[in-house]
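*Asks:* So you can see what is in the structure, the chains are spelled out below.
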Amino acid sequence: MKMVTAIVKPFKLDEVREALSAIGVQGITVTEVKGFGRQKGHTELYRGAEYVVDFLPKVKIEAAVDDSIVDQVIDAIEKSARTGKIGDGKIFVSPLVQVIRIRTGETDRDAL
Amino acid sequence: MRKLVASLALGFAALLAMGPLHAQETPASTLETPATVVVEDAPAATAEASVAEPAAPATAEETPKIDSGDTAWMMTSTLLVILMTIPGLALFYGGLSRSKNMLSVLIQVFVVFSLISVLWAIYGFSLTFGGEGNFYASFQYLFLKGITPDTVSATLATIPEFVFIAFQGTFAAITVALIVGSFAERIKFSAVLLFSVLWFTFSYIPMARMVWGGGLLGKAGALDFAGGTVVHINAGVAGLVGAYVLGKRLGFGKEAFTPHSLTLTMVGASLLWVGWFGFNAGSAGAANGVAGLAFINTVLATAAATLAWIAGEGLHKGKASMLGAASGAVAGLVAVTPAAGFVGPMGSIIIGLIAGLVCLWGVSGLKRLLKADDSFDVFGVHGVGGIVGAILTGVFAAPYLGGTGAEDFAMGAQVWIQTKSVLLTIVWSGIVSFIAYKIADLVVGLRVTEEEERQGLDITSHGETAYNK
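If you read the sequences in order, they're chains A and B.
Note that the working numbering numbers the first sequence so that position 35 is 35, with each residue one more than the last.
Plus 1000 on top of the position in the second sequence (first one is 1) and you've got the working numbering.
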């Protein structure tokens, strides 16, 4: 099992969600985050005070998936989240040790 | 046990305070003090005065009569000025703060308003309007002694004295509340209260006496319709001094002190604009032509200043901002305050345009020069705006510029008087403020600890958070 984490532009969230649904990923967790990579921030001006804001709002999507579909998941996210401009984001894949469904107690594959 | 004793002590104090209520007993239908020279009644050569004359001789020798129109308007004006402070000013400042300090700003404005309102009634009114004297009047009306519901105002002969007292009280309260914006986000609550009492007593009252109560500046012919000097320069300077004495906020210049809700700041600015009609037009003291003039000037100067500020922003920085529009509006309001009943509508537009641009400089270029952390730019807007407005009043009161000045109006001489009153205000307020801050520092300490400032005043000073997340 793998935990696939993707940081994407906020307006891409719906597209990514639909793409994941289409390949059978039934649940995801979404968090609003901020960060930066190579995309520049912006400047805010309040009266005479100028502040450079490096952080940009992004959305983090986490999905626990079975090894058999990891590549499809990565592909789906890449295609739906890509705009071609700097700041599209990144996908991280990390190994998942255990998964438990709270309601039923099912574990691992049965819990995905 | 200690809390019980403290509660009992407070209860006894409250019982003792009942004593002064007896001061209200002695009825007097009119006050003995002669009607003091009030700037509101200035130039006799105005059209309004000649219209009023037919009515005057009939009542001159009789007991002054209360006019229901004037009274209703003055009570309405009082309400509007209260709205300016709570929640107008509170939200205007509050929105500019960081969310961890929101409640501290709100409570400081709210409680200062309450505190000064009470002190005004106890001794403020008496010392400002109760008798003769250049800097202080007398204790004749301590606890409003001798004034009854039927007492007609000695200053404004067509309204009840209680209404006049209430109206003037709101001015005192908002003036002190304005200062909160300078030392916000790092000051101790107890220091705010102690400073407020001292400053109200030794700066506001004498200034109000000097300009409106028939004291030094009023006699010299200074024109200040609704309080450019008494309120705005007075508070602005006190704020600047406070910013210096308290020192900069932690992280000033390095961390981003982003306003947490410019939405609320806009709401506050709008309430200030609407409420200011009570401030300016109410200072006419009656529902008449002068009030109408002050009313329209309050629309125009403000609008012009808003436009000037955002135009300046747009040209200089490339973007017009909501904060700029709101600040421009306040700058215009401040500048037209001394001028409202003395200049013509076109004059007030020009005053607004100038004030908008000068105050924009006041919160940027000048602020950098002064190197003080005036949290919400009280000096930059109220101080600078008040100075601009006070001096321009001397210019645009000229009859050939649409003002209400007499035929023999001498602009040069008037501008000089205006300048003198501005300088006096700056010096007086500066010195008194400095001493008041120092006393507060000695008695209770001015700043919260570093730890408390980092965490935020809401939780550390008041045990609450504004936004539960």
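Careful: at least some of the hints might be erroneous.
Said to hold, decoys possible - Under the rule of at most 30 Å between Cα atoms (straight-line distance), these lysine-lysine pairs were calculated in the DSS-like manner:
(1) B:1100 x A:40
(2) A:9 x B:1145
(3) B:1248 x B:1371
(4) A:34 x A:2
(5) B:1317 x A:34
(6) B:1420 x A:34
(7) A:40 x A:90
(8) A:40 x B:1145
As the list claims (entries may be wrong) - Reference listing, derived: stretches of chain B covered by chain A, where coverage requires no fewer than 3 residues with Cβ under 8 Å from a Cβ of chain A:
(9) 1136-1142
(10) 1427-1440
Calculated directly from the structure, the hints in this document are not laboratory data.
Since this is a predicted model, take the numbers as computed values, not measurements.
Glycine residues also receive a C-beta, built at the ideal position from the N, C-alpha and C atoms.
*Asks:* A separate judgement is required for each hint: does it hold in the structure or not?
*Replies:* Hint-by-hint comparison with the structure:
no.: 1; hint: B:1100 x A:40; result: holds (28 Å)
no.: 2; hint: A:9 x B:1145; result: violated (70 Å)
no.: 3; hint: B:1248 x B:1371; result: holds (9 Å)
no.: 4; hint: A:34 x A:2; result: holds (24 Å)
no.: 5; hint: B:1317 x A:34; result: holds (26 Å)
no.: 6; hint: B:1420 x A:34; result: violated (54 Å)
no.: 7; hint: A:40 x A:90; result: holds (16 Å)
no.: 8; hint: A:40 x B:1145; result: violated (68 Å)
no.: 9; hint: 1136-1142; result: violated (count 0)
no.: 10; hint: 1427-1440; result: violated (count 0)
In summary, the structure is inconsistent with hints 2, 6, 8, 9 and 10 from the numbered list given earlier, while agreeing with the others.
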